[in-house]
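Spelled out from the first residue to the last, the chains are:
Number of protein chains: 4
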Amino acid sequence: MEIQIFTVGGTIDKIYFDAKSEFKIGEPQIGELLQEANVNFSWRLDSLLRKDSLEMTDTDRELIHQRVAECELDHVLITHGTDTMVDTARCLMDIPGKVVVLTGSMQPARLRVSDAIFNIGFAIATLQARPPGVYVAMNGTAFDPLHVHKNWDQQRFEE
Amino acid sequence: MEIQIFTVGGTIDKIYFDAKSEFKIGEPQIGELLQEANVNFSWRLDSLLRKDSLEMTDTDRELIHQRVAECELDHVLITHGTDTMVDTARCLMDIPGKVVVLTGSMQPARLRVSDAIFNIGFAIATLQARPPGVYVAMNGTAFDPLHVHKNWDQQRFEE
Amino acid sequence: MEIQIFTVGGTIDKIYFDAKSEFKIGEPQIGELLQEANVNFSWRLDSLLRKDSLEMTDTDRELIHQRVAECELDHVLITHGTDTMVDTARCLMDIPGKVVVLTGSMQPARLRVSDAIFNIGFAIATLQARPPGVYVAMNGTAFDPLHVHKNWDQQRFEE
Amino acid sequence: MEIQIFTVGGTIDKIYFDAKSEFKIGEPQIGELLQEANVNFSWRLDSLLRKDSLEMTDTDRELIHQRVAECELDHVLITHGTDTMVDTARCLMDIPGKVVVLTGSMQPARLRVSDAIFNIGFAIATLQARPPGVYVAMNGTAFDPLHVHKNWDQQRFEE
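Protein chains in written order, with this note's numbering: chain A, 45 to 203; chain B, 45 to 203; chain C, 45 to 203; chain D, 45 to 203.
Next up, chain A with everything else stripped away, as it sits in the complex (with noise of 0.2 Å):
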């Protein structure tokens, strides 16, 4: 099985830039975390943006579905910015035969302690036993883009 990796900035991808003052999206980092996983599949990455999600427009989303409907794999997995994660997968539930995931985190992937690792190996897993449809793989569960959202005060996603 191949894997099309798409990512679009989020959390999950930001790094400190010193001279700002802030942190801001770098690059992906998940080809990284694969590497360090040392996985046995293949697989493809595509920087589609680099945004916070909430700045995410629906200009933005017809890009994301654009290339997941014409993306020749069957597998695509894409990091995401959690915040409007759930409105994207909602988007591309109309995609036929494909499996997508979502994912992202709440910590960035440089910091000592984050979700980020964990997220990355449970999407992946779902990616790869779950039947086609789009699923939205954080804090330990896959789940169906209509029946779940981001609790903000809990700072997890549940149903």
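If you are wondering where the hints come from, they were derived from the structure by calculation, not from laboratory data.
For clarity, every value in this text was computed on a predicted model and none was experimentally measured.
Relax, there's no trap hidden among the hints.
Covered stretches of chain A, going by a simulated chain B footprint (3 or more residues, C-beta under 8 Å):
#	stretch
1	72-86
2	162-173
3	180-193
Glycine included, each C-beta is placed from N, C-alpha and C at the ideal position.
Take the given structure of chain A and dock chains B, C and D to it, following the hints.
Same frame as chain A, but now just chains B, C and D:
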């Protein structure tokens, strides 16, 4: 879904004891890792053994078999040393009606760079999404125990 | 020797707040770092401010000056943002009879790779070994506040 | 100031070899740590030995003594195993005109939590600020080799 976790030792749980200048198997790491990932499913954790898997005996495997077979939950995760993980997996294949996933790591979870967290995330999703059976979840793949071996030179599992 | 530590904020103490999708200054990190290093000297810790150093005012510097001057201990460590660390250092040069060392970091202490821990170790030894005066301890050098500046392009301090 | 670094092994350089299920001494870690800290002094690095310090012989110590005595630089840092660090330090006390600092760590530098980076930072500043002599830089203190021992129960150095 509630998950039963059994830990039996292996590299994943190794910590460094300065007093003896060596790495030994310490407390199970998986509980702390699941808390860092802020998962929203329930789990029970029992530490059955603390062994390098090369030192595991038939008696040890009988114990693991008994505990898995008697477990009232249908989803069982076992963290295990990599050297004989496949042997233990094969021993458990006669247990009906349960999803059993074995995982571990090539590098201790306490290292700055380790495959442990990715593997735990991958194993949890495999447990949730796969039909009843026994799986070896390593290197981003859910292997059939009858068709997998550890490649010592490449330091990874393959068919 | 007992050491007085004052924290006033800066990158070293930044943690990621997912709720606001930004890095903000959190609890002082130095206490936890000293415990991890298992140091065998005594220290007191007071958090005076939690500011990006670009936002520090003359009133803030007067507060720091007052607290250092009134401190009953002769060895004072200040963790501080890097942008105006030199300015604060110069303000403290009229305080007699004390060794005062300012340090901080270019990358938050919570990152997997950060200069924070090295800088703290370096600053502590500078505090113990140097004669009374004020020092900027950054990038492996104990600088005279009158002959140091932050090189923004190179992201490090130099004469 | 230019610094000569000699590495002779010890816990600080231990990495985990899955092939042998044990921790062994690997490449010197200090070079990578100094690069992460982005230090602005010059240094030379020579790896003399790769030994657990309990295995060091009189011949090994003669080699270290010879290399330090012949070194053209006046500031010498040695990373060393903790068990016999004090013995080696005492052997070097007859070398005139140089500042010699020995350091190491109780936990390998590759661990997520380790005293290694703090100790390196502390040792570098000790090297720069102290008068000629030999120092054991551990646990946030620059010890006189004649008045220090490793407390095994507390896992730290003390007078």
